[in-house]
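Colleague: So the chains spell out like this:
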Amino acid sequence: EPEVTQTPSHQVTQMGQEVILRCVPISNHLYFYWYRQILGQKVEFLVSFYNNEISEKSEIFDDQFSVERPDGSNFTLKIRSTKLEDSAMYFCASRQPLAGVTEQYFGPGTRLTVT
Amino acid sequence: AQSVTQPDIHITVSEGASLELRCNYSYGATPYLFWYVQSPGQGLQLLLKYFSGDTLVQGIKGFEAEFKRSQSSFNLRKPSVHWSDAAEYFCAVGVTGTASKLTFGTGTRLQVTL
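Here the protein sequences line up with chains A and B, keeping their order. Going letter by letter, the first sequence gives residues 448 to 562 in our numbering. Going letter by letter, the second sequence gives residues 108 to 221 in our numbering.
This is chain A alone, in the form it adopts within the complex (with noise of 0.2 Å):
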């Protein structure tokens, strides 16, 4: 079964460094989506991308914040200058190119600790 897959499975970085995260969505899917969840809280939308273009963003996805769909697999999220509040769990999520709300499908996420 097709599935949303995520590298790293953990990032650890500094403070003021800048982090890459990857997705590979599952294939015949053309929406995508980013989500993070700080440890003990909700699941929280960052962003969704479609058309190679950014759909909606939340307030949470400020200036530094980026996506980026490089190449026809590959969705990647980067944080420019991390900082101690962006420690999370990055989920990304790919949905079918279907009108109206449908399922998303989510990889097993990247734990990102910033030091």
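In case anyone wonders, no lab produced these hints; they're calculated from the structure. Quick caveat, the model's predicted, so the values are computed rather than measured. Beta carbons: idealized from backbone N, C-alpha and C, even for Gly. Keep in mind that a hint or two might mislead.
[As the list claims (entries may be wrong)] Distance condition first, Cα-Cα at most 30 Å in a straight line; then the derived BS3-like pairs of lysine-lysine:
no., chain 1, residue 1, chain 2, residue 2
1, B, Lys-168, A, Lys-489
2, A, Lys-530, B, Lys-175
3, A, Lys-525, A, Lys-504
4, A, Lys-530, A, Lys-504
5, B, Lys-156, B, Lys-168
6, B, Lys-156, B, Lys-175
7, B, Lys-156, A, Lys-489
8, A, Lys-489, A, Lys-530
9, A, Lys-489, A, Lys-504
10, A, Lys-525, A, Lys-489
11, B, Lys-168, A, Lys-504
[Said to hold, decoys possible] One side of the interface only, derived from the structure: several residues of chain A facing chain B at Cβ under 8 Å:
no., residue
12, Ser-495
13, Asn-499
14, Glu-550
Use these hints to put chain B onto chain A, whose structure you have.
Modeller: Frame of chain A; chain B shown alone:
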């Protein structure tokens, strides 16, 4: 804005006992509702979804959920819990529109005792 409340942070049940996890939502239009499960070290797996039609929906692993518009609820149930059901369960509401982002509740951690 839409929101989801899962009032139970942690629930413990005995194996073989029945289970009900509560979920209440707030959304002005017709809700699209989901239950996801997260096992330790794993991603979020879809258990079931409600879009329209029959208010009792069946999912994987023997789970079901009932949509009650009058109570703004979408509770998850299972008649007989197995030890492997121990995990974190998230209720989510989908927002119509291009993005169709999901808004999640805080989750309920299920512990199963043998």
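Colleague: Each of the hints needs a verdict: does it hold here or not?
Modeller: Status of each hint after checking the structure:
1. B:Lys-168 to A:Lys-489: Holds: B:Lys-168 and A:Lys-489 sit about 24 Å apart, inside 30 Å.
2. A:Lys-530 to B:Lys-175: violated (42 Å)
3. A:Lys-525 to A:Lys-504: holds (14 Å)
4. A:Lys-530 to A:Lys-504: Cα-Cα ~19 Å, so holds.
5. B:Lys-156 to B:Lys-168: The hint holds at about 14 Å.
6. B:Lys-156 to B:Lys-175: The given pair, whose Cα atoms are some 14 Å apart, holds under the 30 Å limit.
7. B:Lys-156 to A:Lys-489: Holds: B:Lys-156 and A:Lys-489 sit about 19 Å apart, inside 30 Å.
8. A:Lys-489 to A:Lys-530: holds (19 Å)
9. A:Lys-489 to A:Lys-504: holds (17 Å)
10. A:Lys-525 to A:Lys-489: Given that 30 Å is the threshold and the Cα spacing comes to 21 Å, the pair holds.
11. B:Lys-168 to A:Lys-504: Violated. B:Lys-168 to A:Lys-504 sits at ~33 Å, over the 30 Å cutoff.
12. Ser-495: Holds. Min distance 4 Å.
13. Asn-499: Nearest chain B Cβ about 14 Å off; hint violated.
14. Glu-550: Constraint on A:Glu-550 satisfied, holds at 5 Å.
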